[in-house]
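J.: With the hints as extra help, turn the sequences into a complete structure.
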Amino acid sequence: MTSGLGRALILVALLAASAGSVVAFATGRRYSIEGARWSRWLAYAFGIAITLANVLMVYALVTHDFSVSYVAQVGSLASPTWVSVVSLWSSLEGSILFWGLILGAYIMVATRMTQQRHPELLPDALGVWLASAAFFAFLLAGPAQPFLTIPNPPSDGPGPNPLLQNHVLMMIHPPFLYLGYVGMTIPFGLACAALMRGRLGQDFVGALRTWLLLPWIFLTCAIVLGGWWAYEVLGWGGYWAWDPVENASFLPWLTATAALHSAILTERKGILKGWTTTLILATFLLTILGTFMTRSGVFNSVHSFTQSAIGPTILVFLAAALVFSVVLLAFRVDTLSADGTLGDPVGREGVFLLNNLLFVLFTFTVLVGTVFPLLVEAWSGRQMSVGRPYFDAMAVPIGAALLFLMGVGPALPWGAANGEQLKRALLPPLAGAAVLAAIGYALGVRSPWTLVTLAFGGYAAQVTLGEMWLPLRQRMRGKGEAFGQAFVEGQLRRGRRRFAAYVVHAGAAVVIIAIAVSSTMGISREAQMRVGDTTRVGDYTLTFVRADDVMEPHRRSMVATVGVSRDGKDLGTLRPAMNQYAREREPIGTPAVRTSLKEDLYLSVMNIDPEGGTLGLLAMVNPMVGCLWLATGVMALGGLMALVPSRRRADVIVPAAPPAVRSGRSDLAAEPTR
Amino acid sequence: MPAKSRRWFAFAAIAVAVGALVAITAGGIGQNLVYYWGPTEVHAAGDKAIGATIRLGGLVKKGTLVRHPDGSTLEFDVIDRPGAAVRVVTHSVPPQMFREGIGVVVEGTMTDAGHFESRRLMVSHSNEYRAPDDPTRADAKDLMKTTQGLKDGEAKK
Chain C
1 MTSGLGRALI
11 LVALLAASAG
21 SVVAFATGRR
31 YSIEGARWSR
41 WLAYAFGIAI
51 TLANVLMVYA
61 LVTHDFSVSY
71 VAQVGSLASP
81 TWVSVVSLWS
91 SLEGSILFWG
101 LILGAYIMVA
111 TRMTQQRHPE
121 LLPDALGVWL
131 ASAAFFAFLL
141 AGPAQPFLTI
151 PNPPSDGPGP
161 NPLLQNHVLM
171 MIHPPFLYLG
181 YVGMTIPFGL
191 ACAALMRGRL
201 GQDFVGALRT
211 WLLLPWIFLT
221 CAIVLGGWWA
231 YEVLGWGGYW
241 AWDPVENASF
251 LPWLTATAAL
261 HSAILTERKG
271 ILKGWTTTLI
281 LATFLLTILG
291 TFMTRSGVFN
301 SVHSFTQSAI
311 GPTILVFLAA
321 ALVFSVVLLA
331 FRVDTLSADG
341 TLGDPVGREG
351 VFLLNNLLFV
361 LFTFTVLVGT
371 VFPLLVEAWS
381 GRQMSVGRPY
391 FDAMAVPIGA
401 ALLFLMGVGP
411 ALPWGAANGE
421 QLKRALLPPL
431 AGAAVLAAIG
441 YALGVRSPWT
451 LVTLAFGGYA
461 AQVTLGEMWL
471 PLRQRMRGKG
481 EAFGQAFVEG
491 QLRRGRRRFA
501 AYVVHAGAAV
511 VIIAIAVSST
521 MGISREAQMR
531 VGDTTRVGDY
541 TLTFVRADDV
551 MEPHRRSMVA
561 TVGVSRDGKD
571 LGTLRPAMNQ
581 YAREREPIGT
591 PAVRTSLKED
601 LYLSVMNIDP
611 EGGTLGLLAM
621 VNPMVGCLWL
631 ATGVMALGGL
641 MALVPSRRRA
651 DVIVPAAPPA
661 VRSGRSDLAA
671 EPTR
Chain V
675 MPAKSRRWFA
685 FAAIAVAVGA
695 LVAITAGGIG
705 QNLVYYWGPT
715 EVHAAGDKAI
725 GATIRLGGLV
735 KKGTLVRHPD
745 GSTLEFDVID
755 RPGAAVRVVT
765 HSVPPQMFRE
775 GIGVVVEGTM
785 TDAGHFESRR
795 LMVSHSNEYR
805 APDDPTRADA
815 KDLMKTTQGL
825 KDGEAKK
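Residue numbers (this note's numbering), protein chains in the order written: chain C, 1 to 674; chain V, 675 to 831.
Just so you know, the hints here were simulated from the structure itself, not pulled from any lab data. Keep in mind it's a predicted model, so treat the numbers as computed, not measured. Quick reminder that beta carbons are idealized off the backbone N, C-alpha and C, glycines included. Take every hint as true, because none was put in to throw you off.
Have a look at the derived ranges for each label pair, beta carbon to beta carbon: (1) C:A482 x V:F683: 52 to 60 Å; (2) V:P743 x C:Q580: 26 to 34 Å; (3) V:G757 x C:I439: 54 to 62 Å; (4) V:R793 x C:L374: 21 to 29 Å; (5) C:A434 x V:I724: 43 to 51 Å; (6) V:I688 x C:F331: 21 to 29 Å; (7) C:Q580 x V:D786: 37 to 45 Å; (8) V:G757 x C:L374: 25 to 33 Å; (9) V:G701 x C:P553: 51 to 59 Å; (10) C:M1 x V:T738: 54 to 62 Å.
So the derived list for chain C, only partly shown, Cβ under 8 Å to chain V, looks like this: (11) M384; (12) V386; (13) G616.
T.: Pasting the structure below:
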C-alpha cells in the first residue's frame, strides 16, 4: 500500500516536472499569461508531490514498514528513531529521494521570489529548474526506485551503514551538502535565463548573487562538516585527504567562490557578465560531476553506494547539461554586453581578476588530479590514484596566494591609485604580517610555507579588521555616535554587505592558517600497550588504565580507558572505542578527542583485546583544529549577514533597472527615496 | 599601450600561462602516481617497483606471519590468486581485524633487498552487506575497492 502510494507520488512529480519544463520553455519563447501560470502551478505540484513522497518514506522508516524495499534495505528494529529518520539519506535510492525534496523546496521558494522580482526571466529559469527536477524524478521512477513493493517482507532489516550511525554529525553533514549541491541548480537556471533573454542587468546580478550565496553557505559548512565527521569517526586523525569524494564537494565550491567575487565586479561596473555566468554554469556542472563520481561506484568510499545502473544515467545527464551550457554560451554570450569598462587594473579591480584566475587554476588542478585516474582506468583498465603530494604541491601555493590577495585587495582603493596612495594602503599591514609570523616562529613553526601563510594571514587580518573598524571610527568621530549605535547603524544596517564580506574574509583567513598549522605542526605516535603501560605524545603522558566490553542493543563496544596528564597535572581520562555492529564483519573505531582552541589530543584505537588487556593506540596532537571548525562558523555567519537584503540596496537598485522589469516591483520603485 | 598590441599581449600571456600550467600539472601527476598492484604485477614491474608508491593488495598467506619482539614490526607474505607472493615488512600497528588469511592492502614500496616495505597496513573493508569474502577468489582489484579510510599519501607524513 505504502509503496504503491509512494510510486504514485513520484509519478506525479515526474509528470509535473516534465510537463512544467516544456510549458515553461514554450512560455519563454512566446509569452502567455496562461503558460506562465501553468508552469508555476506545475512547479508547485512537483514540489508538493516530492515532499509528500519524502514524508511517506520517513513514516515508513520510523514505523519499520519492511514491505517498502528501501526500508527493508536500510531499516532495522534495533535502530534508534533518529537513526531511522537519517536512514532517508543513508543509501542510494533514499539519497536521490532526499535530493528531490531539497530541489522541490528550492524551486518553490525561487519560483515565488523570481515571480515577484524578475517575472520576465522566470519562464526560462523555471524550464531549466524543472528539467533538472524531471531528471531526478526519472531516476526515482526508473533506475533508483525507493518504493518497490516487497511481497514477503522480512521481519527485520540490516540497518544503515554503521559508519553513518556512529556519529551525530552524520545527521547534519548530508543535509547541508544537499542544500549546497542542489541549491546550485537555482543560480544555474537564472544564469541560463539571463543568457536566453540576453539580459543581465545590475538588479538581476544582485538576485543571482543572493541565490548563489545561499547554497555557497551550505556548501562551505558541508565541506567542513564532512571533514569534521571524518576526523571524529574515521580515526586516522586528519580531516582532509584529497579523496575523490572530498574533491567532488570542493570543486563546485571553488567555482562558486570565484563567481561570488566576479559578480561583485559585474554588479558594480557592469563588466565580466559572460565570465560570471560561465562560472555559475560550471559550478552546476561540477555538482553533477560530483554526483556522478559519488553515486556511480567508480570510487569506493563511505559515500558510494551499491554499484548500480544509475551511473551511466547521470553521465548522460551531465553530458546533456554540458552540451546545453556550451551551446548556450557560444550563441548567447555576445548578448551580455558590458555596461562599463574595467578601468585601471592596478587597483582593487585587478585583484578581483587575479583572485578569479587563481580560483580557476585551483579548480583546474584539483579536477585534473581527480579525474585523471578515472580516465586511465577507462582507457587501459589499470588502477592508480594521484597521491596527496600532487594536490598539496598545487594547493599550498595557490591557497597562500589567495590569502595574500585577501589582504591586498581590500587594502587597495577602487580604480586607479597613485604611488603615494599605494604606499599608504599597503605598507602598514606589514606590521600584522611580521607580528603573526614572529609569534609562529617563537612557537616553533619552521616550515617555510606555514611561516609564509602566517605572514599573509597577519597581513589579511590587519587589513580586514581595519576595514571593519574604519566606518565605525568615521561614524563615531563624524557623527559623535556611541560605539554600539555606530556598529548597528553603520555595519549592520547600512554597510551590511560590506561588513559581512569582511566577516567571511576573517573566518577564511583563520581557516587557511589553521589548515597550514594543523597539517605541518601535528605530532603523531603509535603504540602497542598492555594495561598499566604509559606512552608520551607531545607534552601529554598517556596511561592505558583498562579495557572494557560494553554490550548495547545494536552493537558491542570495546572501550579503552586512557588516563591523560600534562606536566604532572591530571587531565582526566579519554575513552576511545572499537565498536562491533551486529551484521557487520569489521569493527569500527570511535576516536576520543580532547578539543581546545590551541590543540586537540586525539586518541584512536587501532586494535584492542579486553580479555588480554592489550591496546594498539594511535595518539596525535593536532594544533588549531578547533579553530578550523569555529572559523567556518564565522564564515557561515558572515554569509548569512550578507544574505539579508539591505535597505540601501533596494533604494539604489530599483530605479536603476530598465522599465521592462519593473512590473513586479512598481510599488517599490514609486516609493520616495529616503 | 594601443588596443591591438594589448590584445596580443593578453593572448601571449594566456598562452604562456596555460602552457606552464599544463606542464606543471602533468609533471606533478607523473611524480605522484600511486599504483594499485597485486603481487603478480609487482613481480612483472621488476625494478620499476623499487621506489614507486604502490598499494599492494592480496591475502596474508597462512603460516607466514612473524611478529618481531619489538612489538610493532610485522612480516608476512601477501599472495594473489595466481599464487605469486611478496614478502611484506611493516612497522605500523595492525588494525583490529588483522590476522592470517585475511585480505589486506599495504601501501609502500619495493626495496632493493627484495621485500615490500610498508608504511601503512589496512584490512580490506567492505561497506556493503554481504557474506564474508570467499578467500579462494581474492582479487587484488576487489580488495583495493573495499579498503576504507586508506587515505592517499597519509602514510608519508
